[in-house]
Amino acid sequence: MSATQNIAASGQMNEVILRLLRAARGNGVRVSVAEAIDAFNTAAVIGYDDRQALRDSLSLTIAKTAEEKALFEHCFDLYFRREAVARQPQQSADGETSPDGQGTPSQGGPAAAGGVGGGDGQGGSMGSGTGAGSALGKMLLSNDEVGLSAAMETAAEDVGVANISLFTQTNMYARRILDRMGMRALEEEIDRLRNSDNPEDAALAERLEAARAGLGQRTREFVERQLALFGAETRREIREGALRAAQLSSLDRRDFDRMHGLVREMAKRIASKYGRTRHRDRKGVLDIRRTLRRNMSFDAIPFRTVWKREKIDKPKVMAICDVSGSVAQVARFLLLFLYTLTDTMRDIRSFAFSADLIEVSDILAREDIEQSIVKIVEAVGFRSTNYGKSLEDFDALGMPDLDRKTTVIILGDARGNRNEARVDLMEKIFNRANRVIWLNPEHRASWGTGDSDMLRYLPFCHQASTCGTVAHLERIVHDMLRDST
Amino acid sequence: MSENTLTKVPDIAAVESGLVSAGYIPNRQIATALFLALRLQKPILVEGPAGVGKTELAKAAAQFLDLPLIRMQCYEGLDESKALYEWKYGKQLLYTQILKDKLGESFKDAEDLGAAMKKLNSVSDIFYSFDFLEPRPLLRALQLNQGAVLLVDEIDKADEEFEAFLLEILSDYQVTIPEIGTVEAIVPPVVLLTSNNTRDLGDAMKRRCLHLHIGYPEQKLEERIIDSRVPGVNEVLRKQLVSFVQQLRTIDLRKLPSVSETIDWARALLLLHANELDVETVQTTLNVLLKFEGDMQTGHKRAGELTYKAVREGTPAVQAAD
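Those protein sequences? They're chains A and B, same order as listed. Sequential numbering of the first sequence, starting at 5, is according to my numbering. Sequential numbering of the second sequence, starting at -3, is according to my numbering.
Keep in mind that a hint or two might mislead.
[To be verified] Calculated lysine to aspartate or glutamate pairs in the DMTMM-like style (CA-CA distance at most 25 Å, straight line):
| # | chain 1 | residue 1 | chain 2 | residue 2 |
| --- | --- | --- | --- | --- |
| 1 | A | Lys73 | B | Asp248 |
| 2 | A | Lys287 | B | Glu156 |
| 3 | B | Lys78 | A | Asp303 |
| 4 | A | Lys315 | B | Glu150 |
| 5 | B | Lys251 | A | Asp372 |
| 6 | A | Lys312 | B | Glu159 |
| 7 | A | Lys287 | B | Glu76 |
| 8 | A | Lys315 | B | Glu76 |
| 9 | B | Lys84 | A | Asp303 |
| 10 | B | Lys98 | A | Asp303 |
| 11 | A | Lys272 | B | Asp248 |
| 12 | A | Lys73 | B | Asp199 |
| 13 | A | Lys318 | B | Asp196 |
[Claimed, not checked] Far from chain B by the CB rule (all over 10 Å, computed), these chain A residues:
| # | residue |
| --- | --- |
| 14 | Ala154 |
| 15 | Ala246 |
| 16 | Asp366 |
| 17 | Ile367 |
| 18 | Asp399 |
| 19 | Leu406 |
| 20 | Lys432 |
| 21 | Pro463 |
Hint data in this document are derived by calculation from the structure and do not stem from the laboratory. What you are looking at is a predicted structure, and each value in this text was computed from that prediction instead of being measured. Cβ atoms here follow ideal geometry from the backbone N, Cα and C, with glycine treated the same way.
Generate coordinates for the entire structure from the input sequences, incorporating the hints supplied.
Structure representation (structure tokens):
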């Protein structure tokens, strides 16, 4: 018998771990299947009795960076607080019902302060008469918090509250949990008591009604906690997915912070890939010195050949950004990208223009991105754009440093208000630079329409693409680092 | 893991006391990590700033488990011939020379080339056997009868290819030598990898390991560490100097002082016969704690204030104890 009990108990604990892992995933900890298996093995070795040891060891097994550890441990605490809730229900019950108590003292008084002793006494005396018939009613009247919490957990399990993903589902799950706990029977009972002639019954109905309202509130709060735990993943996926694809020019102000976070994350990923000095074998050119050294043990007979390697240089980047109107938004994130990636590049110089062009590298290096964007826009922004004049300024400022290893990124809509386009300068840049990438926030179809000079600049770009979202930005920066030689 | 090793560590507390007996004062996470590593036979990836005792942990573990410590320092360009095995080419050549006559003799009665080849085939494997294999740290760790503690130090300094090459050892405790076959561990070693986080390790690597992050210790723990490492320091000074270092870590410095620096400093103070901290001693010995010019200047500027605080925090506790 005890063996089967053990199996049942361990099955239950497995369920606990599984749900904990799902919650951890939802909070941003990456847990692979193999790690989940490790987590089970760990739990089996450590046991569930020492919560602290379990927390430590699962954190060792699952979380693989310092940030993930913090996330996981937070999640672990949040998850296991549910059990603590079952243990100290009295306080929470008081907290919930006291506001009711102020409004309607006659009802709230006994329901809240009935406590264990009083409630039991009354329940007993009524048992002979009509009393509370339903199990739920009995628990409510006797203020059996442990029983209620347990019933709520069981009901929550039955309706699968761990699948909750959106806040709009809160009421539905709360209702289902209440149904499972026997809310129908309770409601019927209240109705019956109300219709009865006995004044005692009417008073009982009032008390049950008050307790029912409290329970409803509590269930909703319970479900909201579950949502915080399990729903985070879906919410974040939806939100970040939407942000990735969102047009930067029409981005809501309150999404800026989140977008900054997203860009930093992307940049970190790219940086860890390209941060180190990379080498490439030049197959066919023998490195004689290293070959001889490698083959000392063969009497210097070259069994193993070592080829000459060439260093893949980190790119030198010059970013030229239009900071007028809608383009400024995209510029902001491009610059954020570039400056988060400083380590992966040899040298970044940035220029901003609308009517005139100035170098903004210093501002960006010194201040944080928010501040610098404001400053830059103050300095040059919001004037009638003049591409020709700006290219002339670049010719003076940036051109001397432009060499074969430089990648030039130009960000702009190429709408120069019918000023002289100075395509000749663009050609000069094209001839001198390693690569010229033009990012245009406008859709390709509108290139060349109206006052757009895009089609005239196009022959002098190695790559020109629409760039309206961070997903675009990421791809472009990725390509730039990969192709650099 | 051999039975013998496992019986030494029935629970986490045993690991903790074992490490203490080897002169290493662990926090709870460290003891838990080592316990799990022994039980689940998984490597531990230890991360954290320099000087918090990542390498020391491996040494202490080896000492208390009574296993040999095999250390492999990683660096860029490390490859399998330096980490795993190398053929003893010289010996092979020499043996061929010596055996030349012998071979000629034994092939004399071979009727034709085919028969000679057959004969040759029967002996050729000798040259690619364990006799001519020079085991490097990784292979040695697998071949020890009683098991070993294998420390792969600063794995982040090695190339990504080498990291991938380690995966086979980390998950299955075996290596493949093309000429011989797969060599399995006699007793799986206890593996510790350390990383200073100069680059992100691959997910495959992280997945196979328990991930232990050792940060700077808390005041109490650091006092215990100093007590264990530099026993000559009296209690007042110990409290004060640890408190000073703890405060120093809250300042914005380029390189925060680590435990190893605290230990060095305690030793220095001991040599100077200091019984209590005072500003002058701190000013003259600050170079033990801080390693950059800019940090030194900041340190000198704030030394007075920090010393005062450290002395105030260190002393009343002692008086209360008295």
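Okay, which hints does this one fail, numbers in order?
none
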